[in-house]
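Just need the whole structure built from these sequences, with the hints factored in.
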Amino acid sequence: MSQTVATTRGEELVELKLVKLHFLAAIIYLGLAMLGGLLMAFQLVSWNGLNGIELLAPGRWRMVHTNGVAYGFLANAFLGALYWVVPRLTLHRVYSRALSWFIFWAWQAIVILTVLGIVVGPSLQAADWVQELAKRWNLPMSLGAQGLEWGETPFWIDPVALLGLFLVAVNFMAPVLKNKGPLYVTLWYFLAAFVWTFLTYAMGNLLSEYYLTGTSSGAVTGLFIHDLVGLFVTPLGWGLMYYFVPIILKKPIWSHGLSLVGFWGLAFFYPLTGIHHFLYTPIPMFLQYGAVISTIAVEFVVTTVIINFLATVWGEGRRVYTNLPIRWFYTGMLFYFLTCLQCALQVTLTFQKLIHFTDWVVGHAHLVMFGVFSLWLFGVMTYLFPVLLGRPWYSRRLAEWHFWLSAAGVFVMAGDLILAGVFQGYWWASLQPWDVSITGSHPFWVLRIFAGLAMFGGFLCFVWNLYKTWCEPAPAQATAPAAA
Amino acid sequence: MFETKGGVLFIAGLGFFALAFLSNAVVPVLMYKDLPEQPVEELVNSRIMYQFEDLARRYPEQFKKYVGDPTEENCAKLMRLGRQIYIGEGCWHCHSQFIRPVSNESKRWGPVADSSEYQNALQRPVMFGTRRVGPDLSREGGRHANDWHAVHFFNPPVVSPDSPMPAYPWFFDGSPDKPNLRGLAIITYVQWLGSWLKEYPYYEQWEDINRED
Numbered sequence: 001m002s003q004t005v006a007t008t009r010g011e012e013l014v015e016l017k018l019v020k021l022h023f024l025a026a027i028i029y030l031g032l033a034m035l036g037g038l039l040m041a042f043q044l045v046s047w048n049g050l051n052g053i054e055l056l057a058p059g060r061w062r063m064v065h066t067n068g069v070a071y072g073f074l075a076n077a078f079l080g081a082l083y084w085v086v087p088r089l090t091l092h093r094v095y096s097r098a099l100s101w102f103i104f105w106a107w108q109a110i111v112i113l114t115v116l117g118i119v120v121g122p123s124l125q126a127a128d129w130v131q132e133l134a135k136r137w138n139l140p141m142s143l144g145a146q147g148l149e150w151g152e153t154p155f156w157i158d159p160v161a162l163l164g165l166f167l168v169a170v171n172f173m174a175p176v177l178k179n180k181g182p183l184y185v186t187l188w189y190f191l192a193a194f195v196w197t198f199l200t201y202a203m204g205n206l207l208s209e210y211y212l213t214g215t216s217s218g219a220v221t222g223l224f225i226h227d228l229v230g231l232f233v234t235p236l237g238w239g240l241m242y243y244f245v246p247i248i249l250k251k252p253i254w255s256h257g258l259s260l261v262g263f264w265g266l267a268f269f270y271p272l273t274g275i276h277h278f279l280y281t282p283i284p285m286f287l288q289y290g291a292v293i294s295t296i297a298v299e300f301v302v303t304t305v306i307i308n309f310l311a312t313v314w315g316e317g318r319r320v321y322t323n324l325p326i327r328w329f330y331t332g333m334l335f336y337f338l339t340c341l342q343c344a345l346q347v348t349l350t351f352q353k354l355i356h357f358t359d360w361v362v363g364h365a366h367l368v369m370f371g372v373f374s375l376w377l378f379g380v381m382t383y384l385f386p387v388l389l390g391r392p393w394y395s396r397r398l399a400e401w402h403f404w405l406s407a408a409g410v411f412v413m414a415g416d417l418i419l420a421g422v423f424q425g426y427w428w429a430s431l432q433p434w435d436v437s438i439t440g441s442h443p444f445w446v447l448r449i450f451a452g453l454a455m456f457g458g459f460l461c462f463v464w465n466l467y468k469t470w471c472e473p474a475p476a477q478a479t480a481p482a483a484a
Numbered sequence: 001m002f003e004t005k006g007g008v009l010f011i012a013g014l015g016f017f018a019l020a021f022l023s024n025a026v027v028p029v030l031m032y033k034d035l036p037e038q039p040v041e042e043l044v045n046s047r048i049m050y051q052f053e054d055l056a057r058r059y060p061e062q063f064k065k066y067v068g069d070p071t072e073e074n075c076a077k078l079m080r081l082g083r084q085i086y087i088g089e090g091c092w093h094c095h096s097q098f099i100r101p102v103s104n105e106s107k108r109w110g111p112v113a114d115s116s117e118y119q120n121a122l123q124r125p126v127m128f129g130t131r132r133v134g135p136d137l138s139r140e141g142g143r144h145a146n147d148w149h150a151v152h153f154f155n156p157p158v159v160s161p162d163s164p165m166p167a168y169p170w171f172f173d174g175s176p177d178k179p180n181l182r183g184l185a186i187i188t189y190v191q192w193l194g195s196w197l198k199e200y201p202y203y204e205q206w207e208d209i210n211r212e213d
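Chains as they are written, first to last, in the working numbering: chain Z, 1 to 484; chain L, 1 to 213.
Just so you know, the hints here were simulated from the structure itself, not pulled from any lab data. It is possible that part of the hints are untrue.
Here are the simulated lysine-lysine pairs, BS3-like style, with alpha carbons at most 25 Å apart [to be verified]:
#1 L:64 / Z:135
#2 L:107 / Z:353
#3 L:65 / L:198
#4 Z:251 / Z:180
#5 L:198 / L:107
#6 L:107 / Z:135
#7 Z:468 / Z:17
#8 L:178 / Z:180
#9 Z:178 / L:5
#10 Z:178 / Z:17
#11 L:33 / Z:135
#12 L:198 / L:64
#13 Z:468 / Z:20
Next up, the structure:
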């Protein structure tokens, strides 16, 4: 394996400051996004003392919550990890140092403008000139959120974001393409993800805004929602797992063949699943069936990947407990398996009748985005910060609290919301007055607040731990080994 | 092929993406190519005009100040603005706009959603929605009066005690009898929803009184 070579030459290839700054930006946006989520959670049980303040409208902050996680936290954390991993795997620097810095600042500008647009934009919507332009150009002209779920980035930022994604692709594809010989699994995922992310973003944000109406718009919206998870977050996440797990365990991935099945299965089936977000809509039924079948196929592919990783850690199971990054990774994989199993069931028309539109879906989304990918990225950060800062974590205890509060919190939240969804589905189908589904959900929503607070508490432990680690006086030996 | 840059880049990256795009996006686009997108002006009908004129009668000073006269052109303008507010305030994250043929939804809300209802400029991007904290709104037009909506937007629990919907006092100049431009627009938009249907306004046990059998 080439990793041992990479580690020795890594320092001169990697721009450490960029890794640190991207992680830092990711953490700041995660904090903001979590606060937005809590605001909405308090609103749902009518405990929101800030209700009626325009710039703190829960509806707007709900979109800051989802977009802050996707583009602020996940994108930044992935970029930081990519600056660490790609040069080490390819033994080449990224395309350009100047470009990397430009991307860093441009991406922060995009995220901050997105937040500002979503929060302030609707307040300026009633201006005459907006209406004039909307009529003349036949455009929705929403200054705030765009009417596309997970793509609420205002339409006037979309071209800039696309340019940013293009530059990211150039910056990281250059070293990969310079690499001679076969590519390691991680790089398959990364290479495909750079292409997919750009295409997905362009498809969702441009087509649904400018060209497609009604039902066809719904089909593309569905593709976008799912491709963003399946073709941006998932391949980058698994790419990182294929890199970090063997490095930390100091043994290769169990089966190369299964890695191939996992990658090509995902590449083929995942893009086909989008319409499963809109079952029983006017979208033609045969397209809905197609999406259901490919979603179930994805679950079989996922099982092969999980088997591969379980076999890799086989015989060293203790390290899942003793080694924090490995524990983050494998907990995330457990949640990944659960969430994909859930997906294969809930995607069927039988389940959809009952659980579509309910909190079941919200629970599922938290299990994926927080339970899997955020946990993995916390693991990556837990592993890399000591290396980046050249000193061990200030407190193992705080790191443990971060893990347990996050993992238990998301488990309770997801379980709670999934169960709430079943109740809501039955209340609706049995034609109870609508209010029954609101008052009946109350206890579930209260529990969800506490689960959310636990996750936020874990996050605060992490931030405090990081602050103390960062500010500690530097130890005598500046570069501690990357031991685990 | 399976582990080379070319294979990953062109087959997985571009090829499979294109395959999915063709089958899942281009197919519906071609299927609906003969249903052209209706501009907003064509969506104004007598029912929404009735509600629009009602707004002008109920809130004469506010209406005069922000809108002018209750003309069809102004109605289209407010429907457009109302939809932008619907998106900007995130209404569509708690309210859907499609009725499914299952789970007794057509009993609660009326006719099952149909593609032709969505081929207009106010459904680009489409407002299907993915979550219902509050009820579906695609047949909401005419089910409540304009002043109910005004009070409801100002402070939902006043008319709907258990509602967790946030208050939107910024749609008003201080009190619920003084909707501003945004308030008038969002009410117009909501009253438009479903106004194109035969079953309007929809209520439970709706029957066609003009039926000949």
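These are the hints, each one checked on the structure:
no. : hint          : verdict
1   : L:64 / Z:135  : 21 Å, holds
2   : L:107 / Z:353 : 15 Å, holds
3   : L:65 / L:198  : 34 Å, violated
4   : Z:251 / Z:180 : 23 Å, holds
5   : L:198 / L:107 : 15 Å, holds
6   : L:107 / Z:135 : 37 Å, violated
7   : Z:468 / Z:17  : 18 Å, holds
8   : L:178 / Z:180 : 70 Å, violated
9   : Z:178 / L:5   : 10 Å, holds
10  : Z:178 / Z:17  : 24 Å, holds
11  : L:33 / Z:135  : 23 Å, holds
12  : L:198 / L:64  : 32 Å, violated
13  : Z:468 / Z:20  : 15 Å, holds
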